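Given chain A, put chain B in place with the hints provided.
Protein chains: 2
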Amino acid sequence: MRVAIVCTGDELMQGVIVNTNAAWLAEQCHKLGSEVVWQVTVSDDEGPIGEAVQEATSKAACVLVSGGLGPTTDDITIASVEKVFGKMKGTSLANKVGTAPGVQVTLGKAVVFFLPGVPPELYQIFSDSILPWLRERQEGAHAERVLHCFGMREAVIDEKLRNVDLCGTRLSFRVKFPEVLLKVLGQKAEKAAANIRQCLGDVVYGEGDAQFSQVVGDLLRAKRTTIAVAESCTGGQIADLITDISGSSDYFERGLVTYSNRSKMELLGVAEVTIQKHGAVSRECAVEMARGVRVRSGTTLGLAVTGIAGPTGDTAEKPVGTVHLALAWDGGEQVEHFCFTRERKAFKQLVSWTALNMVREHFL
Amino acid sequence: MRVAIVCTGDELMQGVIVNTNAAWLAEQCHKLGSEVVWQVTVSDDEGPIGEAVQEATSKAACVLVSGGLGPTTDDITIASVEKVFGKMKGTSLANKVGTAPGVQVTLGKAVVFFLPGVPPELYQIFSDSILPWLRERQEGAHAERVLHCFGMREAVIDEKLRNVDLCGTRLSFRVKFPEVLLKVLGQKAEKAAANIRQCLGDVVYGEGDAQFSQVVGDLLRAKRTTIAVAESCTGGQIADLITDISGSSDYFERGLVTYSNRSKMELLGVAEVTIQKHGAVSRECAVEMARGVRVRSGTTLGLAVTGIAGPTGDTAEKPVGTVHLALAWDGGEQVEHFCFTRERKAFKQLVSWTALNMVREHFL
Numbered sequence: 001m002r003v004a005i006v007c008t009g010d011e012l013m014q015g016v017i018v019n020t021n022a023a024w025l026a027e028q029c030h031k032l033g034s035e036v037v038w039q040v041t042v043s044d045d046e047g048p049i050g051e052a053v054q055e056a057t058s059k060a061a062c063v064l065v066s067g068g069l070g071p072t073t074d075d076i077t078i079a080s081v082e083k084v085f086g087k088m089k090g091t092s093l094a095n096k097v098g099t100a101p102g103v104q105v106t107l108g109k110a111v112v113f114f115l116p117g118v119p120p121e122l123y124q125i126f127s128d129s130i131l132p133w134l135r136e137r138q139e140g141a142h143a144e145r146v147l148h149c150f151g152m153r154e155a156v157i158d159e160k161l162r163n164v165d166l167c168g169t170r171l172s173f174r175v176k177f178p179e180v181l182l183k184v185l186g187q188k189a190e191k192a193a194a195n196i197r198q199c200l201g202d203v204v205y206g207e208g209d210a211q212f213s214q215v216v217g218d219l220l221r222a223k224r225t226t227i228a229v230a231e232s233c234t235g236g237q238i239a240d241l242i243t244d245i246s247g248s249s250d251y252f253e254r255g256l257v258t259y260s261n262r263s264k265m266e267l268l269g270v271a272e273v274t275i276q277k278h279g280a281v282s283r284e285c286a287v288e289m290a291r292g293v294r295v296r297s298g299t300t301l302g303l304a305v306t307g308i309a310g311p312t313g314d315t316a317e318k319p320v321g322t323v324h325l326a327l328a329w330d331g332g333e334q335v336e337h338f339c340f341t342r343e344r345k346a347f348k349q350l351v352s353w354t355a356l357n358m359v360r361e362h363f364l
Numbered sequence: 001m002r003v004a005i006v007c008t009g010d011e012l013m014q015g016v017i018v019n020t021n022a023a024w025l026a027e028q029c030h031k032l033g034s035e036v037v038w039q040v041t042v043s044d045d046e047g048p049i050g051e052a053v054q055e056a057t058s059k060a061a062c063v064l065v066s067g068g069l070g071p072t073t074d075d076i077t078i079a080s081v082e083k084v085f086g087k088m089k090g091t092s093l094a095n096k097v098g099t100a101p102g103v104q105v106t107l108g109k110a111v112v113f114f115l116p117g118v119p120p121e122l123y124q125i126f127s128d129s130i131l132p133w134l135r136e137r138q139e140g141a142h143a144e145r146v147l148h149c150f151g152m153r154e155a156v157i158d159e160k161l162r163n164v165d166l167c168g169t170r171l172s173f174r175v176k177f178p179e180v181l182l183k184v185l186g187q188k189a190e191k192a193a194a195n196i197r198q199c200l201g202d203v204v205y206g207e208g209d210a211q212f213s214q215v216v217g218d219l220l221r222a223k224r225t226t227i228a229v230a231e232s233c234t235g236g237q238i239a240d241l242i243t244d245i246s247g248s249s250d251y252f253e254r255g256l257v258t259y260s261n262r263s264k265m266e267l268l269g270v271a272e273v274t275i276q277k278h279g280a281v282s283r284e285c286a287v288e289m290a291r292g293v294r295v296r297s298g299t300t301l302g303l304a305v306t307g308i309a310g311p312t313g314d315t316a317e318k319p320v321g322t323v324h325l326a327l328a329w330d331g332g333e334q335v336e337h338f339c340f341t342r343e344r345k346a347f348k349q350l351v352s353w354t355a356l357n358m359v360r361e362h363f364l
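Line by line, the protein sequences are chains A and B. Using this note's numbering, you'd call the opening residue of the first sequence number 1 and step up by one each time. Using this note's numbering, you'd call the opening residue of the second sequence number 1 and step up by one each time.
None of these hints come from the bench; they were simulated from the model.
Chain A regions said to be covered by chain B (calculated; three or more residues, Cβ under 8 Å):
| # | segment |
| --- | --- |
| 1 | 12 to 20 |
| 2 | 34 to 42 |
So the derived list for chain B, only partly shown, Cβ under 10 Å to chain A, looks like this:
| # | residue |
| --- | --- |
| 3 | Ile17 |
| 4 | His30 |
| 5 | Lys183 |
| 6 | Thr243 |
| 7 | Ser246 |
| 8 | Ala309 |
| 9 | Lys348 |
| 10 | Ser352 |
This one's a predicted model, so the numbers in the text were calculated from it and none came from an experiment. Positions of the beta carbon are idealized from the N, C-alpha and C atoms, including for glycine.
This is chain A alone, in the form it adopts within the complex:
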């Protein structure tokens, strides 16, 4: 089926935001075997909106219109289209995550779907109401597999996959920091995905809709393991990731964001002499933090990180980006050390994922 996409929004015309809705809709249609033949973007103005929708209905049998359905004064999409086509009698499409419902209406030879521009609302309405409609009318979908990778850079993955048999499928890369997504599209996607997994091993942490903290959480649950976390430079983000998963209270006991030296000593029992001798950002301190949080909270595992997020706080021996990670268990521990030269927020994210990956690898 031929599809046209019309997006409205001043912010798209001013380049304030990138048009991810158009890309997302196009991707969904393409996956279903529908061909997107026309994408138009116009400002929140009556004339251009009406004109764009009219033109789209002449080019495609299905028109997806995004934006301008909300409650505010700049939400004028329906009114603009009615100026051209007259009063419309549409079917309402349930919006489960926001207020403005979608609308389905036949205009000329085309079926037009109006969607809110807010991405989660657009995703939900499309998935629930439009996807089944398109699927019924589809002319043969592509098989697709998505592999989630962490712990290896895109260029290295690309290099490693050079000699892997992709079985005639099309492979594309997408960096969704800090992970890399591999998309395999084609008849033999399943076989190609298996070949890729064999080549990359544990770098692939999941497929499809896999969520990293869910994967780690599932492992903790399956192994009847509990965990406590002591964080310095990640500032609570490791705990935040773990608790993104419903039911995480079954294995997550507590998290301590010990930002000050005092809190490291008081709450984790890090020795003052350790900090004096090696500094708070040191292998020694990380180990004492991991041991301390484990013993004091009575969990199976203790996970700790300490590092310099920057942009300030570096020393001659310890540049910004230095980080020590430790995982402690009954009778042992593992320690790792990196220097991630990333801006502050990306650094926190990369360290948090790396810490969770230590837990994951502990079980593999």
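Below, chain B without anything else, positioned relative to chain A:
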């Protein structure tokens, strides 16, 4: 000057890549005071490319065409346009980072610029050859103000602003959850922004590039205040937000993610009887958490939240979304209670911002 943007590429039509070229070009034009009136994206096919460029020349005085200039067989932009307009005699625009030069040509009443689709090449040719051309023809840039709001829904803000004098400017809304951005565009943007601020009061937390946790952090620093945080349902996200700001160690002492009842008692001194009588998700528990974290870490302020993020964990009296927030200081405290019916991640985010907003309002 009115500008139209035409992008070509199968990968854009299949959603394989997001159209960042359109956003970048739109942003550049907008900054120069040019109005982007039309954005079209088509596949690498002769018919649609010719049609799109022809239509664009009827809508704008300047047309920017991106993609299809390279050496490969799918680079057919020039040939497609010549099918419509006949043989063109254009001026070549130097490409310093790639092989295919840009082309400038007058078609009908419009000046059309052809650019390669490879982003760095497009950026360079636009900046060197098109930007000066547009600047010479600009009619006066727009004044613009962006206001960041938190704590009031978009629809309510819209309602409140109905009677505010916008001084002939154009106002647009953007939800960037959990905040709402108001953009004021026009000659008298400054005056209009002042009127809006007067109407909305403290709901506006900043302007321009303002970051919420920076605003809160600046207040803490200015008031020489230190803070410690005790979190349950937000799982570390409050600490994560605070520590996104470089230098936050000056005012952030520690954060405790007390997920289990045991950790609430051990680390914060919450009384067992409080949890037995009122439950861990209660006003009473929130207050004891805030007091406990403040006293034990020796900070000026203690901030605490306890709630049910869901989707499981609700009871008859306490539905999913219930949350209690408390802020304690020497000799007093403030407690708030909400029921936010949002999915888990959005709930955590909204509660974290609401908690930081209590700190902000404490100083206002």
